[in-house]
Each structure stands twice: as C-alpha cells, then as structure tokens.
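Q: Full structure from sequences and hints, please.
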Amino acid sequence: MAHKRLHVIATRRLPAAVEARLDALFDFTPGPQEAPLSGEALAAALGRAQVLVTTLSERIDAASLDAAGRELRLIANYGAGVDHIDVAAAEARGIAVTNTPDVVTEDTADVTMVLILAVTRRLPEAFALLQSGGWEGWSPDLLLGGRIHGRSLGILGMGRIGQAVARRAAAFGMRIGYHNRNRLPQALENELGARWWPSLDQMIAKCDVLSINCPHTPATYHLVNARRIALMKPGAVVVNTSRGEVIDENALTRALRAGEIAGAGLDVFEQRREINPRLRALPNVVLLPHMGSATVEGRLAMGERVIANIEALARGEALRDPVTPRDI
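Heads up, the final residue of the sequence shown is numbered 350 in the working numbering, and it's a clean run with no missing numbers.
No wet-lab data here; the hints were simulated from the structure.
A couple of the hints might just be wrong.
Unchecked claim - With a cut-off of at most 25 Å between alpha-carbon atoms, the simulated DMTMM-like pairs for lysine to aspartate or glutamate come out as follows:
1) 255 / 282
2) 255 / 147
3) 228 / 282
4) 228 / 211
5) 255 / 270
A: Laid out in structure tokens, this is it:
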C-alpha cells in the first residue's frame, strides 16, 4: 500500500494476476477493453497517468505525447520491443521509458524453431490433409520436406533471442552463422559454434534458413529487401519472430509466389494485424498470430518486470530496464 499515491493506467487488459499485483501496489486503472487504446482514449490516459503501462499495439509518437499531463513520469512497456514509442520525444519531455527484456527470450526462441521445422517439414499441409480426410495412408513421396540437420542457419541479430536460437539450432545439428551490428566476443562465438559474417549480403546468399531476430529501428526497416531476397538460394527459408517491418513483405510475397525461395514462417507482419491476402494464400508459408512470447510464464514475468520498474520509480531508485534513444 506504500505506493498508492502513484496513479498507474494500463492501455489494455493484462493477465489477471498482473492486474491484481498492480492494484495491490498502486492506484491502478486497468485497460477498459481487450482492444488497444487509440485516439481520444489514449490521449485521456496520457493526460491522467503518472505511469502508463502500454503494449506494442499502441502508437506513442510525438503527437500522442503532446497530450501527456505534467504528472506522467514513466511509460512502462509490457514487452521488449519499443519501436511503437518515440523514445526521444518522451525523453525530451522528461518521461522515462522502460521495457521487459530477458523474459521473452526463451519463449520466442522456441517459436523460431517451431517455424523453422513447420516450414521445412510442411507441417501445416500435413495437418490440413488429415483434417480434410484426404490422407490415404503412408506413401514414399507424400509431403516430402527438407532435413534441417546439416543445413546452415543465418541469424540476423545476435542479441539474447538470436543466441537462444543458435543454441537450439545447434542441438538440431545446424551450422550457425550470424550478422550483427557488433561482433560477439570470441569466447561466446566458440560457445555457440557461430561464425560471424561481416557482410549481411554474403550471409544471406549462403544460408539455407534465415532467422530474423533484430529489433525494428530506422536502420533495420526493410533490411531484408527485394535485392537481398534475390540473393537467397532457391531452397532457402525465411523465418521472422522479431518485427514485420524488417522485411519488405511485398518483395517477400513476390519471391514466394514466383518460387524464387522455398518458404517462410512469420510470427510478425509489416502491417501488424493486417496480413497480405496473397501471403496468406501461399501453401509454403506458415503464419502465426504474434505469439512468440505467448506462454503463461512469459506473460507473468513480463508483468513482474513492469512492476519492478514502477516500484523503482516510486522509491526514487534507478529504473531496472531504462530505454533511451542511445539504445535504439
């Protein structure tokens, strides 16, 4: 009850256990609905809150922040990615921003491997065949996929999630390469069995599976574009569990439709909730509804990190997970 003076508003409903903790610790107003806040409702929340708990679904840009009240001290993001928040504009107004790193790492890496296997082994097609009643029994050439053992995996973005993917892929016998803004220490490369590619173009041209695990920033927007997709092997597969904007989705769709690459597994999309219908129609594409961190354990841990940052603010201590423009 010591922090009741701090008014915390959430932009949407959170897991019940997280909301109960927030309500016990703070003057908490839960999100009014399952859908994200926008327009006047978002402006009202920004104007009344001392802490705004937001999700990736709300766009907090400089124009939105014009509605922020003088009391707003922290935007506590329920998630690791902060590309939906204008962090520089928030900092200029004296508003801190935090996120929830680490806790989504293992779950997102699991889903990355799920997508790699689902695409290469044609699992959705197999499921659909059984569901339709069209399966007539085992056949030597039925739904032949590709073996991932011995194939090369190129990881774009070798942060926490990229490293977790590397560990999993190595256990499947894949050869690991990566491209990153900064090279990893040699000892960590040795531990992961990972080869650093200073040239993204060269890595993309050589890998059998490209896993996108970098954040969306101005520098990574359409980093995987038509030119780079054209460099890929005809049998290559693209998997994305980070942010949809990193891929030029139209270029990817054209390449898939033309058979220039073998398949794709996507948990995120360039237009967020709007999925290109041509992409949806392709049999060599596996689509998931942005569920990389969707475990009970992960979502509760995200809530605890949000609470830890708010408690630090309430006590006048350093924030646990601050995000600044220099971090992006």
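Q: Could you tell me which of the hints above the structure violates, numbers in ascending order?
A: No numbers; nothing is violated.
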